[in-house]
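Participant: Chains as they are written, first to last, in our numbering: chain H, 1 to 315; chain Y, 316 to 620.
In case anyone wonders, no lab produced these hints; they're calculated from the structure.
These figures come from a predicted structure and were not determined experimentally.
Just so you know, not all the hints are guaranteed correct.
[What the hints assert, rightly or not] A few chain H residues that don't get close to chain Y, going by computed Cβ distances all over 10 Å:
#1 L79
#2 I84
#3 Y116
#4 L167
#5 N209
#6 M251
[To be verified] Partial pick of chain H residues on the chain Y-facing surface, computed with a CB cut under 8 Å:
#7 V32
#8 F33
#9 A34
#10 L37
#11 P92
#12 V104
#13 L110
#14 I118
#15 V131
#16 F236
#17 A240
#18 T245
#19 G248
#20 V252
#21 L288
#22 G301
[To be verified] Here are the computed distance ranges between Cβ atoms for each label pair:
#23 H:G83 x Y:L601: 31 to 37 Å
#24 H:L178 x Y:V581: 43 to 49 Å
#25 Y:L601 x H:L178: 46 to 52 Å
Beta carbons are placed, not taken as given, at the ideal position from N, Cα and C, and that holds for glycine.
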Amino acid sequence: MTISLNARNVVVTLAVAGLLLLPLYTSLSGNVFALTLFTRIVIYALAAASLNLIMGYGGMMSFGHAAYLGIGGYAVGILAHEGIGSGFIQWPVALLASALFALVIGALSLRTRGVYFIMITLAFAQMAYYVASGLARYGGDDGLTIYKRSDFGGLINLSDRVQFYYLCVGCLFGGIYLIWRIVNSRFGLVVQGLRSNERRMQAIGFSVNRYRLVCFVISGTICGLAGALLANNTDFVSPAAMYWTRSGDLMVMVVLGGMGSLFGPVLGTIVFLMLEEFLSQITEYWALIMGPLLLLIVLFGRGGIDGLLGRLRRG
Amino acid sequence: MLLVVEQFLNGLQFGLLLFLLAAGLTLVFGIMDFVNLAHGSLYMMGAYFAATFVAWTGSFVLGALLALGATLLLGIVLEFVALRHLYGRDHLDHVLATFGLILFFNDAVRLIWGPAGLALPLPGWLTVPIAIMPGVYYPAYRLAIIVVALVVALLLYLVVMRTRIGMLIRAGASNREMIGALGINIKLLYTLVFGLGAALAGLAGLMQAPILTVQIGMGENILILAFVIIVIGGIGSIRGAFLAAIFVGIIDTLGRAFLPDLLRQVLSSTAASTAAPALSSMLIYLLMAIVLVVRPEGLFPASRR
């Protein structure tokens, strides 16, 4: 693989370097806020990357991806609430719960296609939202405060901002590496083939839904990891993390960055959350600008940021 | 028994209200193949317009009519400025663009009317209870909603099935190139259909406004309900939307009213009171999942597919 000097690679390299060096900048400048903001960005980028795996490569428009954020988060929160603080238990449970949820939802949802698929994934996520709202023991509507972050036996201290940040960055890059390996494997090629021509793949002899389902479960599991990170970041988990507008946010991040591009969701998340942050500093009514901006991006910005960078290279 | 009748009527009223919302959604989807998440925002705008105009004019009916006109106009402007450029794109683009519109409308409302909700008081003649059976009283306003929604449903049916414009609308749904080739101004037709959908959403919003508070984001929950309905009913089918809406309205209302008692029969009372609210909120999503698993195209799929 030759790496050429083009706009896309330059931006991705700069973004990666920026993410890695950020704690250095914050410790030099004393700007702790940037670290807090970027911890959040990195976690959401992982969630967006997981959504991109099924949306961009698999052609499955899941409108309920935020459910895994909540499930991963609640797994950590509930275990912590019950006195099980070890991350070695909390995190595998979070991953397992997300995987199981994705398995059930995927198996049922994949019977449908198109808008029906968008809507049924949404419906299942809403069910998870209402279940969480009904958990009276764990805060119900008000959510659950996590008094102690996951404990990794002195291996890594999650309460230390910089250590936690690097853990999140590690998870993000690990997730992207995993997605890269999947996408370029035989399995990933079949899934991408299904996106372009389902009938043909079926005719060749692939069992369509089994491949899609495995991909769906992997995506949900990665997003569950993001949920566990998010719960540790905010020390709090609530049903709001699963509400359907949150799934919409994730979709926007993916499309903004570029569907089916490896680093696209990371760029999309950075731009989306930074925009949200800065617009909300300028005006209380930031969505007044963000909404139409989104519309314009959909209308004129085909391929998202990644597509734009790709065009720069050619132009 | 009395309670059952009352809850049943409440369910019917809610279902008919949902139908108004779902009819617009499924019209726009069936004819223009356009997924409009901002439909809930039009519902919200209908309610805000109504609260404003009723306060201005001092008359409930006049205010409601003005609000209806305003929502119609808003729908037409929205279609003309933004949405018509999205026809023919894939559904994901629709979802994202209209998701952006939701953000816009929520903040626009916050800017204009402030973050606190509004109340839309009912005139005296609509608050009296009416005897529907000997000894059974039902609020006049809820009865009025039932009547208005039924009349609108009937009118919609007549317009779509019996008039020339309805014929064009149906023709557009099955083959848009063909009716364009026949010399029909399809752009105008689409704008009209979208305006009609917006007005229906506005009507649902303004009629619901006196029962709930008028507040930001009020369209979001109910929008998802409307989507559930058109998915259950079969996308693009008005008849399916009508039956599914009534079904969902009644199931949802009865579930909320009676599920706690039913659960108490099988579970301990603490377990029942914990499980009941979540379960009754989930009920219709569960219903939709079951319907889709059994019939992936909905109960009454539109014949063209």
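Participant: Taking the hints in turn, state whether each one holds.
Facilitator: Right, here's what the structure says about each hint:
1. The claim that L79 of chain H is not at the interface with chain Y holds, since no C-beta of that chain comes within 10 Å of its own (minimum 20 Å).
2. No beta-carbon of chain Y comes within 10 Å of the beta-carbon of I84 of chain H; the shortest separation is about 22 Å.
3. The Cβ of Y116 of chain H does not lie farther than 10 Å from every Cβ of chain Y; its closest approach is about 6 Å, which violates its non-interface assignment.
4. Interface exclusion of L167 of chain H from chain Y stands, the closest Cβ pair being 31 Å apart, more than 10 Å.
5. The beta carbon of N209 of chain H sits about 12 Å from the closest Cβ of chain Y, which is more than 10 Å, so the claim that it is off the interface holds.
6. Residue-level check failed: M251 of chain H sits 6 Å from the nearest beta carbon of chain Y, not beyond 10 Å.
7. The interface hint given for V32 of chain H is broken, as the beta carbon of that residue sits about 29 Å from the closest beta carbon of chain Y, more than 8 Å.
8. The beta carbon of F33 of chain H comes no nearer than 24 Å to any beta carbon in chain Y, farther than 8 Å, and the hint placing it at the interface is violated.
9. Below 8 Å, beta-carbon pairs count as interface contacts, and A34 of chain H has none with chain Y, the closest being about 25 Å; its hint is therefore violated.
10. About 20 Å separates the beta-carbon of L37 of chain H from the nearest beta-carbon of chain Y, more than 8 Å, and the hint is not met.
11. Proximity of P92 of chain H to chain Y is violated relative to the hint, the smallest CB-CB distance being about 26 Å (cut-off 8 Å).
12. Annotation: interface hint on V104 of chain H violated; nearest CB of chain Y at approximately 10 Å, more than 8 Å.
13. Interface restraint check for L110 of chain H: the shortest CB-CB distance to chain Y comes to about 10 Å, outside 8 Å, so the restraint is violated.
14. A least Cβ separation of about 7 Å between I118 of chain H and chain Y falls short of the 8 Å threshold, and the interface hint therefore holds.
15. This hint holds: V131 of chain H has a C-beta 5 Å from the nearest C-beta of chain Y, less than the 8 Å allowed.
16. At its closest, the beta carbon of F236 of chain H sits 20 Å from a beta carbon of chain Y; the interface hint therefore is violated under the 8 Å criterion.
17. Nearest Cβ of chain Y to the Cβ of A240 of chain H: about 12 Å, over the 8 Å cut. The hint is violated.
18. For T245 of chain H, the interface hint holds, since its Cβ comes within 8 Å of a Cβ in chain Y; the closest pair sits about 7 Å apart.
19. The interface hint given for G248 of chain H holds, since its Cβ lies 5 Å from the closest Cβ of chain Y, which is under the 8 Å cut-off.
20. The interface hint given for V252 of chain H holds, since its Cβ lies 6 Å from the closest Cβ of chain Y, which is under the 8 Å cut-off.
21. Hint on L288 of chain H holds. Least Cβ distance to chain Y is approximately 4 Å, under the 8 Å limit.
22. Taken as an interface hint, G301 of chain H does not check out: its beta carbon lies about 11 Å from the nearest beta carbon of chain Y, beyond 8 Å.
23. Take G83 of chain H and L601 of chain Y: their Cβ atoms lie about 33 Å apart, and the range 31 to 37 Å holds.
24. The given range of 43 to 49 Å is respected by L178 of chain H and V581 of chain Y, whose C-beta atoms sit roughly 44 Å from each other.
25. In this structure the supplied range 46 to 52 Å is violated for L601 of chain Y paired with L178 of chain H, their Cβ-Cβ distance being about 33 Å.
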